[in-house]
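**Q** Below are the chains, spelled out letter by letter.
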Amino acid sequence: MARSATKAKPSSEKQPVERIEHAGLLDVRNLTTHFKLGVGDVKAVQDVSFTVAPGESLGLAGESGCGKTTAALSLLKLLPENGRIVSGDVLFDGRNLAKRTEYGMSKIRWKEISIIFQGAMNALNPVRETGKQIAEPIQLHEGLSEAKAMVRVRELFDLVGINPKRVMDFPHQLSGGMRQRAMIAMALACNPKLVIGDEPTTALDVMVQAQILELIHRLRTELDLSFILISHDLSVMAETCDKGVVMYAGEVVESGTTADIFNNATHPYTRQLIKAFPNIHEKREMVSSIKGDPPDLIHPPAGCAFEPRCDVRIESCKTDHPGLTEVERGHFVRCVHARSRRSDDFVQGDEAAPEQEGV
Amino acid sequence: MTMATEQTERPDLKLAPETGDVLFDVRDLEVYFPIQQSFFKSMVATEKKYVKAVDHISFQIKKGEILALVGESGCGKTTTGRTLLRLEDATGGEIIYKGKPVQKFSGKELREYRKKAQIIFQDPYNSINPKQTIFDIVAEPLEVNNICSSEREKEERVITAISEAGLRPATEYLYRYPHELSGGQRQRVCIAGATVLDPDVIVADEPVASLDVSIRNDILKLMVEEKEKLGVTYIFITHDLSLAWVISDRIAVMYLGRIVEIGETEEVVANPKHPYTKALISVIPVPDPLAKREHVILKGETPNPVDIPSGCRFHPRCPEAIDACKETDPEDVHIGGDHYAACIRIT
Numbered sequence: 001m002a003r004s005a006t007k008a009k010p011s012s013e014k015q016p017v018e019r020i021e022h023a024g025l026l027d028v029r030n031l032t033t034h035f036k037l038g039v040g041d042v043k044a045v046q047d048v049s050f051t052v053a054p055g056e057s058l059g060l061a062g063e064s065g066c067g068k069t070t071a072a073l074s075l076l077k078l079l080p081e082n083g084r085i086v087s088g089d090v091l092f093d094g095r096n097l098a099k100r101t102e103y104g105m106s107k108i109r110w111k112e113i114s115i116i117f118q119g120a121m122n123a124l125n126p127v128r129e130t131g132k133q134i135a136e137p138i139q140l141h142e143g144l145s146e147a148k149a150m151v152r153v154r155e156l157f158d159l160v161g162i163n164p165k166r167v168m169d170f171p172h173q174l175s176g177g178m179r180q181r182a183m184i185a186m187a188l189a190c191n192p193k194l195v196i197g198d199e200p201t202t203a204l205d206v207m208v209q210a211q212i213l214e215l216i217h218r219l220r221t222e223l224d225l226s227f228i229l230i231s232h233d234l235s236v237m238a239e240t241c242d243k244g245v246v247m248y249a250g251e252v253v254e255s256g257t258t259a260d261i262f263n264n265a266t267h268p269y270t271r272q273l274i275k276a277f278p279n280i281h282e283k284r285e286m287v288s289s290i291k292g293d294p295p296d297l298i299h300p301p302a303g304c305a306f307e308p309r310c311d312v313r314i315e316s317c318k319t320d321h322p323g324l325t326e327v328e329r330g331h332f333v334r335c336v337h338a339r340s341r342r343s344d345d346f347v348q349g350d351e352a353a354p355e356q357e358g359v
Numbered sequence: 001m002t003m004a005t006e007q008t009e010r011p012d013l014k015l016a017p018e019t020g021d022v023l024f025d026v027r028d029l030e031v032y033f034p035i036q037q038s039f040f041k042s043m044v045a046t047e048k049k050y051v052k053a054v055d056h057i058s059f060q061i062k063k064g065e066i067l068a069l070v071g072e073s074g075c076g077k078t079t080t081g082r083t084l085l086r087l088e089d090a091t092g093g094e095i096i097y098k099g100k101p102v103q104k105f106s107g108k109e110l111r112e113y114r115k116k117a118q119i120i121f122q123d124p125y126n127s128i129n130p131k132q133t134i135f136d137i138v139a140e141p142l143e144v145n146n147i148c149s150s151e152r153e154k155e156e157r158v159i160t161a162i163s164e165a166g167l168r169p170a171t172e173y174l175y176r177y178p179h180e181l182s183g184g185q186r187q188r189v190c191i192a193g194a195t196v197l198d199p200d201v202i203v204a205d206e207p208v209a210s211l212d213v214s215i216r217n218d219i220l221k222l223m224v225e226e227k228e229k230l231g232v233t234y235i236f237i238t239h240d241l242s243l244a245w246v247i248s249d250r251i252a253v254m255y256l257g258r259i260v261e262i263g264e265t266e267e268v269v270a271n272p273k274h275p276y277t278k279a280l281i282s283v284i285p286v287p288d289p290l291a292k293r294e295h296v297i298l299k300g301e302t303p304n305p306v307d308i309p310s311g312c313r314f315h316p317r318c319p320e321a322i323d324a325c326k327e328t329d330p331e332d333v334h335i336g337g338d339h340y341a342a343c344i345r346i347t
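Protein chains in written order, with the numbering used here: chain Z, 1 to 359; chain A, 1 to 347.
Just to be clear, a hint being listed does not mean it is correct.
Calculated cross-link-like contacts (lysine-lysine; reagent style DSS-like; alpha-carbon spacing at most 25 Å) [to be verified]: (1) A/Lys299 - Z/Lys275; (2) A/Lys108 - A/Lys154; (3) A/Lys62 - Z/Lys165.
Here are some chain Z residues the structure puts well away from chain A; computed CB gaps all over 10 Å [to be verified]: (4) Gly88; (5) Asp93; (6) Gly104; (7) Ser106; (8) Gln139; (9) Ser145; (10) Pro164; (11) Lys165; (12) Ser175; (13) Gln209; (14) Ile280; (15) His281; (16) Ser288; (17) His299; (18) Glu328.
If you're looking for bench data, these hints aren't it; they were derived computationally from the structure.
The beta-carbon is built from N, C-alpha and C at its ideal position, and this holds for glycine as well.
Pulled out of the complex, with its shape left as it was, chain Z reads as follows (with noise of 0.2 Å):
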């Protein structure tokens, strides 16, 4: 799986100093996403940006409803009929994919990004055999026979640790940890440079969860992969990614390293959802939860989205909406409240905080 180092875009204008936002092989612009309904727009994805790097792995966290699939999928267009990008760009290894057409599409579309569905159940055809499945982006991709592609699955099945023996088996008779591993297989099938993992452990349990993070991070290593995680699960993504974005009604609140989401996380909501996960190595004390709903995407709200449910809102957030803030190099908050934060001896903005925590 040798490829050539991406070319760094003369692109990079938005940050002259990097850290970890800099034009890699996938950079997503101001990316918007809408789906037409009868009742109006849904405003599912909101200018969104975020850059992939070669061999990096990135987690799209946030609860459901909150984009973050939606905003994948966009990357390789594989919206419902009803779902258009409206604006934004896909710098994809210099080219952009929001631009292309259906057909050009098909060329990247398993080749070079490929994506590991969720719940692998009803990700597989029932009733084809799973190694044939695989196989079939092979044969149409590398113009194999099905024969010599066969060949290709079973060092495949080698490397995702199922005995390629079972390539012939029907989905049903594989266990569900072992279909996930299938679906990877299949993601890494046309040897691609980024996968998009849509919840690829959600549906397991913690142990096979646990084998299958391994097995992604092994593969990452070995094959030198760019990786989406999508993941309603905050602590999968601190384990997994180097770097995350959390979502939040269709925008981007917060992103950063890992490190910085979870050891300084600066929006009110990233704080909030990492409390909603308990930490067995804290101290036992009931996880506390998010009062309130995300809000109608059709009609979003003139200022912060999060303005209702939050817990140090002040009386601008209701009208003003607030526009991404770097309060370190390389990590973005959208918060009022995230300017007063910009240097490391930050002390909490205005009347609003009731608690000051070390985060």
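Based on these hints, arrange chain A on the given structure of chain Z.
**A** Okay, now just chain A, sitting in the frame of chain Z:
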């Protein structure tokens, strides 16, 4: 958990008798499911094959506690819960509920028991009837059991149950349909349906597995609240040890039909003795990227419960296994307090 060491009269008694009322006393419970074989095979086969879902386990459940049954899929945790409610039939052993064996219940006694023992299912999208209103769903157990003498009383009880389940004001929800509610609200309806009969015990089978994080925590809180307010005993079935750690009083870790470790939650998590428990705890993801921890990742998957490995059933996957593990089926070792683990390597 099978053999007796002569410590007390009841060596399988995992709780000191003075620790409060024992609501359930499960003794040597066995639930086997026969495997359907073709006629020919059944004629030649020397022995009938069984799925050994629950293979001789003994434990007690205290009144008013949350006992978490934790384990991977196929470990028998759901079967144990269902057997406690008589939704499956035990093939051996006894379940003693308030001094009486549950398996012997029939007729009126069984109907009484069904009122006192309720279940909450995993998926609130499929476990309630989409054509019924919330009122009808919650009132149904009362109607079936002919409990209320008047419509008024029924309405009162339904409203109390719904608002206790956190849907307030209850009157606003009464005549809605499930599709008008979110997943978390539906799960609250399920909980209201379970608590409306004023049960002693509720088996909650992965009640939060299909819910979003923020909602999940609300449901967990509700369970703790109901335990404290109404004195309901919960059997919380989950594959996620970290959730069990958050709300349960005691944890029983199951593997392939056996309880391998049982004890007070904080004690088991802080001081796990069985290698399986240690592995489970080590792989729980933690929301802290800087915490570098050793992951004990077990190879392979839980073996088929038809052909259970010899000796200690965990030995093929155990990182600490020694030769003796292949032969000796380990007995429970008393670690201290209510803490027991079944491993021969514990000294």
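**Q** If you check each hint against the structure, which ones fail?
**A** 1, 3, 12, 13, 14, 15, 16
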